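Visitor: Residue-level listing of the chains:
There are 2 protein chains.
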Amino acid sequence: MAKEKKLVEAITSMEEDFAQWYTDVVKKAELIEYSSIRGCMIIRPNGYAIWENIQRELDQAFKATGVENVYMPMFIPESLLQKEKDHVEGFAPEVAWVTQGGTEPLQERLCVRPTSETLFCDFYANIIQSYRDLPKLYNQWCSVVRWEKTTRPFLRSMEFLWQEGHTAHATAEEAEERTIQMLNVYADFCEQVLAIPMIKGRKSEKEKFAGANATYTIEALMHDGKALQSGTSHNFGDGFSKAFGIQYTDKENKLQYVHQTSWGMSTRIIGAIIMVHGDDSGLVLPPRIAPTQVMIIPINQNKEGVMEAALNLKEKLSEYRVKVDSSDKSPGWKFSEQEMRGIPLRVEIGPKDIEANQAVIVRRDTREKIIVSLDEIATKVGETLVKMQSDMLERARNHRDSHTYIATTMEEFEKTVAEKPGFIKAMWCGDEACEKEIKDKTGATSRCMPFEQEHLADNCVCCGKPAKTMAYWGKAY
Amino acid sequence: MAKEKKLVEAITSMEEDFAQWYTDVVKKAELIEYSSIRGCMIIRPNGYAIWENIQRELDQAFKATGVENVYMPMFIPESLLQKEKDHVEGFAPEVAWVTQGGTEPLQERLCVRPTSETLFCDFYANIIQSYRDLPKLYNQWCSVVRWEKTTRPFLRSMEFLWQEGHTAHATAEEAEERTIQMLNVYADFCEQVLAIPMIKGRKSEKEKFAGANATYTIEALMHDGKALQSGTSHNFGDGFSKAFGIQYTDKENKLQYVHQTSWGMSTRIIGAIIMVHGDDSGLVLPPRIAPTQVMIIPINQNKEGVMEAALNLKEKLSEYRVKVDSSDKSPGWKFSEQEMRGIPLRVEIGPKDIEANQAVIVRRDTREKIIVSLDEIATKVGETLVKMQSDMLERARNHRDSHTYIATTMEEFEKTVAEKPGFIKAMWCGDEACEKEIKDKTGATSRCMPFEQEHLADNCVCCGKPAKTMAYWGKAY
Numbered sequence: 013m014a015k016e017k018k019l020v021e022a023i024t025s026m027e028e029d030f031a032q033w034y035t036d037v038v039k040k041a042e043l044i045e046y047s048s049i050r051g052c053m054i055i056r057p058n059g060y061a062i063w064e065n066i067q068r069e070l071d072q073a074f075k076a077t078g079v080e081n082v083y084m085p086m087f088i089p090e091s092l093l094q095k096e097k098d099h100v101e102g103f104a105p106e107v108a109w110v111t112q113g114g115t116e117p118l119q120e121r122l123c124v125r126p127t128s129e130t131l132f133c134d135f136y137a138n139i140i141q142s143y144r145d146l147p148k149l150y151n152q153w154c155s156v157v158r159w160e161k162t163t164r165p166f167l168r169s170m171e172f173l174w175q176e177g178h179t180a181h182a183t184a185e186e187a188e189e190r191t192i193q194m195l196n197v198y199a200d201f202c203e204q205v206l207a208i209p210m211i212k213g214r215k216s217e218k219e220k221f222a223g224a225n226a227t228y229t230i231e232a233l234m235h236d237g238k239a240l241q242s243g244t245s246h247n248f249g250d251g252f253s254k255a256f257g258i259q260y261t262d263k264e265n266k267l268q269y270v271h272q273t274s275w276g277m278s279t280r281i282i283g284a285i286i287m288v289h290g291d292d293s294g295l296v297l298p299p300r301i302a303p304t305q306v307m308i309i310p311i312n313q314n315k316e317g318v319m320e321a322a323l324n325l326k327e328k329l330s331e332y333r334v335k336v337d338s339s340d341k342s343p344g345w346k347f348s349e350q351e352m353r354g355i356p357l358r359v360e361i362g363p364k365d366i367e368a369n370q371a372v373i374v375r376r377d378t379r380e381k382i383i384v385s386l387d388e389i390a391t392k393v394g395e396t397l398v399k400m401q402s403d404m405l406e407r408a409r410n411h412r413d414s415h416t417y418i419a420t421t422m423e424e425f426e427k428t429v430a431e432k433p434g435f436i437k438a439m440w441c442g443d444e445a446c447e448k449e450i451k452d453k454t455g456a457t458s459r460c461m462p463f464e465q466e467h468l469a470d471n472c473v474c475c476g477k478p479a480k481t482m483a484y485w486g487k488a489y
Numbered sequence: 013m014a015k016e017k018k019l020v021e022a023i024t025s026m027e028e029d030f031a032q033w034y035t036d037v038v039k040k041a042e043l044i045e046y047s048s049i050r051g052c053m054i055i056r057p058n059g060y061a062i063w064e065n066i067q068r069e070l071d072q073a074f075k076a077t078g079v080e081n082v083y084m085p086m087f088i089p090e091s092l093l094q095k096e097k098d099h100v101e102g103f104a105p106e107v108a109w110v111t112q113g114g115t116e117p118l119q120e121r122l123c124v125r126p127t128s129e130t131l132f133c134d135f136y137a138n139i140i141q142s143y144r145d146l147p148k149l150y151n152q153w154c155s156v157v158r159w160e161k162t163t164r165p166f167l168r169s170m171e172f173l174w175q176e177g178h179t180a181h182a183t184a185e186e187a188e189e190r191t192i193q194m195l196n197v198y199a200d201f202c203e204q205v206l207a208i209p210m211i212k213g214r215k216s217e218k219e220k221f222a223g224a225n226a227t228y229t230i231e232a233l234m235h236d237g238k239a240l241q242s243g244t245s246h247n248f249g250d251g252f253s254k255a256f257g258i259q260y261t262d263k264e265n266k267l268q269y270v271h272q273t274s275w276g277m278s279t280r281i282i283g284a285i286i287m288v289h290g291d292d293s294g295l296v297l298p299p300r301i302a303p304t305q306v307m308i309i310p311i312n313q314n315k316e317g318v319m320e321a322a323l324n325l326k327e328k329l330s331e332y333r334v335k336v337d338s339s340d341k342s343p344g345w346k347f348s349e350q351e352m353r354g355i356p357l358r359v360e361i362g363p364k365d366i367e368a369n370q371a372v373i374v375r376r377d378t379r380e381k382i383i384v385s386l387d388e389i390a391t392k393v394g395e396t397l398v399k400m401q402s403d404m405l406e407r408a409r410n411h412r413d414s415h416t417y418i419a420t421t422m423e424e425f426e427k428t429v430a431e432k433p434g435f436i437k438a439m440w441c442g443d444e445a446c447e448k449e450i451k452d453k454t455g456a457t458s459r460c461m462p463f464e465q466e467h468l469a470d471n472c473v474c475c476g477k478p479a480k481t482m483a484y485w486g487k488a489y
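Protein chains in written order, with the working numbering: chain A, 13 to 489; chain B, 13 to 489.
Isolated chain A (complex conformation) (with noise of 0.2 Å):
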């Protein structure tokens, strides 16, 4: 009992400290370990097969639009950077630097890449000639780095894992189109996967990214109130392509210039799942991205016919992803590991049980037991994986709507955000100005000028001059 207390009381509560909670979780379910290097984690087993699910259904996803995988080199020489002026500007400042190649000092010095449009571009130019050409919609599974100073496991890692898609177009609405379809399908992905349900709306000039003409993004509130850009989407007009010479000859024999997009997500998002959805016991996995989604405790499990009922259960329970813990640890230990761990549902087995011709199904959200015939297990089992993930979303939405709020004066900006941890709806001009004079009397940020726009007052909340557009503000990750 003292063990089994033990792993429980490794985790400081939410209410007490929502960051330590955080660093906890991710270290007592396993999911990271440090590394000797400054900011970099290593992602361990539990960890890495999220990852590995959200890379299957992403990918999935991606390949019905006709996307196509590539892989581009890791460096990029400073030339090549310095390309996109904004861009250069954007990144340059946060890369490490390759000065020396085996025992030779380096003509040039090669940057690990930070994100990889200009050697996309640089690739465009060489193979795309003619109108039968385009589009080109690749995309690459890969890490990139990023010289943070201040790092946090998933959210903010010196090196992380993402994916990076890149297309060009031969139409200006080509390239918009694309832009907003991967916005949707991250949307998507993580409303149905992941039961995040997320605010699609567009960044301000301020918050965009370094070379585009416009950034989407998909935001999310995470449990303290706090709110997490968990994607985005990028058109870059012809920019890009201008500063890299990527042109095609039309059906009239014209030199156009092609319009190109690009789109990321990273695993930042599993930063997000453990903060829409953990609790005090640990993590809280949604059904569809767990990659253990049932674990069978047996009870009294060194009694004639348990371990043997258990592996039945498992062989009947096949169709989902199922395991046994057959360790020698205690049942409330391994209970705890579950939880801590975040399997969605547990299943205990005991010679009661085997008597009964039953088994008691545990909610890990709810922690509602459910005891049920073994002879409807496998039906029941999949009712409730399902109903788990749509009660997790429906918790999620639910808890994001009661923490929006919204101002239409700076005082009531301010109380909010200083009391009440969560979005702020509030109208806007739509100037920097007003943008950076929120910031620094509240510390909240434009998260995004929403698609969903409403019409909350006719004047800027800062400024009181007309406002142009409703934006969602707040402290962010």
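Derived by calculation from the structure, the hints in this document are not laboratory data. These numbers come from a predicted model, not from an experiment. Only true hints are included.
For identical chains, the list gives no copy identity; a pair is met inside one copy or between any two copies.
Mimicking DSSO-like on lysine-lysine, the simulated pairs with C-alpha atoms at most 27 Å apart in a straight line are:
| no. | residue 1 | residue 2 |
| --- | --- | --- |
| 1 | Lys95 | Lys220 |
| 2 | Lys75 | Lys40 |
| 3 | Lys487 | Lys437 |
| 4 | Lys328 | Lys75 |
| 5 | Lys328 | Lys381 |
| 6 | Lys39 | Lys75 |
| 7 | Lys254 | Lys266 |
| 8 | Lys341 | Lys266 |
| 9 | Lys75 | Lys326 |
| 10 | Lys341 | Lys40 |
| 11 | Lys40 | Lys263 |
Based on these hints, arrange chain B on the given structure of chain A.
Guide: Okay, now just chain B, sitting in the frame of chain A:
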């Protein structure tokens, strides 16, 4: 017709210049594109899709043996790389060094991983305490960098993709067993999926991995008679664990060092697929690894009913990886493209075929034409793919066996190397001096001491002293 010819003429014939043929094929089949970074290639969709299939097959095979995936940082601090003496000597001369992060010079240089033994050891030292923590069976899919002077697509590039498995065990026996087990996983995969027969054996002391007790290898023979090391599996014993202090308490509560292994296969194997199976029309992909297994090519596609019939056919063949080439190119051009890309089967369907309720299957490897009723086409395509897969393996095995020679004297050895490209089997005393002399005289290196030994003679082919082993020798990529 001029255009159709162009595609095929673009490849140099194998007989004329095998190296040029190889370069032509990887470019014309659009497997890779050169990048602006010396020695780094861009893997294009046709190439990456092959790698995705390799990953899927291998990953499944690994997981079936209990392996779990993780992700380690891409950087190694110089001090960490230096912890194992032989290892650092082997790798330090060929790594890329990061010396600056953002705007600051680093206090300690970081190398971009050439392989991750040191990172795994550091990790294992942190997470392994007791015998209950063993074995650890971890793998990662990633890219690594080796600062090579001369590079060739897939075969030797500065950056390449691979998987690296790293395991830790309680006993030496268990580590040895895992080393051989993973070598067998590689050999079975190559034989069954890639249709490439492998010689399994042990590397000489000179050729083994930096820091290993023993390196095992699978060696394949390319069409030009050169050998290609296609995968390796290393037994480290407790050398690394002593250098890194990876200890566990055993059941008697005594401190013990773990025993470790590592094993890797890379995008290099795509080079083997090309050089074992390709011909003067381009790639020939074994059906099990081909991203597209069947290309349907409509003949007279603008005639009424033809495109519809092609799409119906696609539906009928949906259990295979099938596409329809409905572009506006001529059928002849489409044939050339399908052949260049190595798509195992093409199915031609035109107005006359539709009238006769038939289609024409053409095998890529033999160019055999099979006229088959549309009612039986799904079955026939399946049978033909299976037959082609096994024929390709048989042809590759026959080629290898008919290009494997025996030498019992140095005169024979030198004459064979000079006149008959292939493997040479010869007895060896085991001394590095003879290995070196053979290399200096003939250019052939010891490929491995095969598990299947034969007694060809009593004495070393080089020095005449009593032989300890039979070895395979050859010129290698």
